[in-house]
Amino acid sequence: MPKHELLLLKNMSQPGYTGSLADYERAGGYQALRKVLGKIAPADVIEMVKKSGLRGRGGAGFPTGVKWSFIPKDHQGPRYLICNADESEPGTFKDRQLMERDPHQMIEGMILAAYAISAHTAYIYIRGEFVLGAKILENALAEAYRAGYLGPNILGSGFALDIYMHRGAGAYICGEETALLESLEGKRGLPRIKPPFPATHGLFKLPTVVNNVETLANVPYIINRGSEWFASIGSPPKSTGTRIFCLSGHVKHPGNYEVPMGITFREMIYDIAGGMRGDKPLKAFIPGGASAAFMTPEHLDVKMDFDSVAQAGSMLGSGGVTVMEEGTCMVWASENLLHFFNHESCGKCTPCREGSLWLLQILRRIDHGTGKMDDLATLLRLCGNIAGRTVCAFGDAEIAPITSTLQYFRDEYEAHIREQRCPFRPQPAPELITVGH
Amino acid sequence: MLIEKYKDKIAEILGRYPEKRAALLPLLWLSQEEQGYLSESAMKEIAGLLGLTPPQVYETVTFYTMLNRQRIGKYHIQVCRSLMCALVGTEQLLGWIHAKLGIKPGQTTPDGLFTLSTVECLASCGTAPMMQVNDDYYEQLTLEKVNRTLDDLKRDGKSSLASGPFMFPEASGVNR
Numbered sequence: 007m008p009k010h011e012l013l014l015l016k017n018m019s020q021p022g023y024t025g026s027l028a029d030y031e032r033a034g035g036y037q038a039l040r041k042v043l044g045k046i047a048p049a050d051v052i053e054m055v056k057k058s059g060l061r062g063r064g065g066a067g068f069p070t071g072v073k074w075s076f077i078p079k080d081h082q083g084p085r086y087l088i089c090n091a092d093e094s095e096p097g098t099f100k101d102r103q104l105m106e107r108d109p110h111q112m113i114e115g116m117i118l119a120a121y122a123i124s125a126h127t128a129y130i131y132i133r134g135e136f137v138l139g140a141k142i143l144e145n146a147l148a149e150a151y152r153a154g155y156l157g158p159n160i161l162g163s164g165f166a167l168d169i170y171m172h173r174g175a176g177a178y179i180c181g182e183e184t185a186l187l188e189s190l191e192g193k194r195g196l197p198r199i200k201p202p203f204p205a206t207h208g209l210f211k212l213p214t215v216v217n218n219v220e221t222l223a224n225v226p227y228i229i230n231r232g233s234e235w236f237a238s239i240g241s242p243p244k245s246t247g248t249r250i251f252c253l254s255g256h257v258k259h260p261g262n263y264e265v266p267m268g269i270t271f272r273e274m275i276y277d278i279a280g281g282m283r284g285d286k287p288l289k290a291f292i293p294g295g296a297s298a299a300f301m302t303p304e305h306l307d308v309k310m311d312f313d314s315v316a317q318a319g320s321m322l323g324s325g326g327v328t329v330m331e332e333g334t335c336m337v338w339a340s341e342n343l344l345h346f347f348n349h350e351s352c353g354k355c356t357p358c359r360e361g362s363l364w365l366l367q368i369l370r371r372i373d374h375g376t377g378k379m380d381d382l383a384t385l386l387r388l389c390g391n392i393a394g395r396t397v398c399a400f401g402d403a404e405i406a407p408i409t410s411t412l413q414y415f416r417d418e419y420e421a422h423i424r425e426q427r428c429p430f431r432p433q434p435a436p437e438l439i440t441v442g443h
Numbered sequence: 004m005l006i007e008k009y010k011d012k013i014a015e016i017l018g019r020y021p022e023k024r025a026a027l028l029p030l031l032w033l034s035q036e037e038q039g040y041l042s043e044s045a046m047k048e049i050a051g052l053l054g055l056t057p058p059q060v061y062e063t064v065t066f067y068t069m070l071n072r073q074r075i076g077k078y079h080i081q082v083c084r085s086l087m088c089a090l091v092g093t094e095q096l097l098g099w100i101h102a103k104l105g106i107k108p109g110q111t112t113p114d115g116l117f118t119l120s121t122v123e124c125l126a127s128c129g130t131a132p133m134m135q136v137n138d139d140y141y142e143q144l145t146l147e148k149v150n151r152t153l154d155d156l157k158r159d160g161k162s163s164l165a166s167g168p169f170m171f172p173e174a175s176g177v178n179r
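Which chain is which? The protein sequence lines are F and G, in order.
The opening position of the first sequence corresponds to residue 7 in our numbering, with each subsequent residue numbered one higher.
The opening position of the second sequence corresponds to residue 4 in our numbering, with each subsequent residue numbered one higher.
The following block holds chain F by itself, in its conformation from the complex (with noise of 0.2 Å):
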């Protein structure tokens, strides 16, 4: 297959690159920045992202230019740029190797969306448990500080702002901007009802962006080479550029890879990855991250872009890629997931609150033996309850790991009831797993 030019992954793939602001000046480095500061108008530069058609890489797709249009112009006073890097979508690892081994291309992508909608403050949530990532993090904003990237008077533009860390605490639900809004306002993470939308009621009820790690490392690039460059990339005009795809399971290269979005499954499970790790051929996979519902083998020639895998009934997310082999229970795998969003619903709102424990508790007993066939039914019917009756995607999200695997793998579902055992494994699984809340 054809070699691609990577972008955001190019600089830390060369030898002996750490991360360094000398690093990343010498790698072209806030060359993007000197272009833009002074020269050329906040709105023409949202004008330049929303011609490239960066699409949100957090999960949402959102294209980021008009995102960023929303801003009232005619709003006077603060305004914010938030940095989401809580990464916590199972399956989803890219943004922690963004942050940890190239800091300053985010960095520099933050400096320029601030710009573009006048926000002179900004903040970074990083999610509780990546210390590592937020110490690097750290001495890069120090850097940039020192170098007069950051501060009140940036490169002698006039251009001022301060970026700040803020780290989570533990809690998915905070990678939801709105939810992400009220943990920095020191609250429980509760998604708020939209409208209104950030743009008009953020952060401490001002304007407010909310942008991805890998949304705003692109940044730089398509201000150094161009919105027409960019928009040639990948599978134009919906899915532009390149992607990092995780890959994880039962591949045998698992990993972070950069491409541009528009090859297929079947390219990035065999040809990139390496294929399976043994000789059990694929099972099923999930195409981007956790919330997304579960593909099949028939699905690998989908292409990897937005309209593609939405098309096939699922969705691209945050490009979390999990491959699972034959022998791969799917009762389970639906079950594993439904633990975790029954211990990350975050209680807002009924349907999910409820509805995920029903979920978790209906699969456990199907998996352990003791289901009934009305179960199925239950198990729809619940599904049916929970999406797009809550207040943000989580509900959504909850439902797919189930309607996906009873859609595709009902035959194992009725196995399991019918001969009253999981037909995968000899004994039930070691109950060392913890349970719960």
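Where hints are given, some of them may not hold.
[Said to hold, decoys possible] Simulated pairs of lysine to aspartate or glutamate, EDC-like, Cα-Cα distance not exceeding 20 Å: (1) K141/F - D139/G; (2) K286/F - D80/F; (3) K12/G - D29/F; (4) K12/G - D80/F; (5) K23/G - D168/F; (6) K23/G - E191/F; (7) K12/G - E22/G; (8) K211/F - D402/F; (9) K41/F - E53/F; (10) K12/G - E191/F; (11) K200/F - D168/F; (12) K47/G - E418/F; (13) K16/F - E173/G; (14) K286/F - E331/F; (15) K141/F - E36/G; (16) K211/F - D139/G; (17) K211/F - E234/F; (18) K200/F - D402/F; (19) K141/F - E43/G; (20) K258/F - E332/F; (21) K193/F - E43/G; (22) K141/F - D138/G; (23) K193/F - D138/G.
[Stated by the list, open to error] Among the chain G residues that face chain F by a calculated CB cut under 10 Å, a handful are: (24) R24; (25) P29; (26) L31; (27) V64; (28) T68; (29) M69; (30) L125; (31) Q135; (32) D138; (33) G167; (34) P172.
None of these hints come from the bench; they were simulated from the model.
Quick reminder that beta carbons are idealized off the backbone N, C-alpha and C, glycines included.
On the provided structure of chain F, position chain G as indicated by the hints.
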């Protein structure tokens, strides 16, 4: 008391935000790093510093899994149990730790050194199975690596097997 020991640090933290309450998580972290957990008196002190009621602090603390309301072992082992790790060895990993330390999730060794928990995804799915011990990640774990890590921690308080800065695969830039 936090305020006496960290006067300047607290002033710096408060200076990051236009509203005081936003400083709550950073102050809770500061307190937990100092004491190992968040005592009721620490939470009350932080409430006073931010002009909040103690229940406002408490209700926030209970939302976040990393904030401890009681003392735990000196080394907190957190094993990822989410699907991506479970596919390639969470159960085995818990078994190895149990064999070595005699504890199951939720338990602490009698000497108070190790507490074991299972947690949800820690963004280490390509390098599974994994565990986080206090601030550090340990990835691509094998029986030997787990034993060495736990021995190192017990003997030296740290282990050279901790991973990071993270990149996987190391040569991920070179597309095969």
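| Among all the numbered hints in the text so far, which are the ones the structure does not match? | 2, 3, 4, 8, 11, 12, 16, 17, 19 and 23
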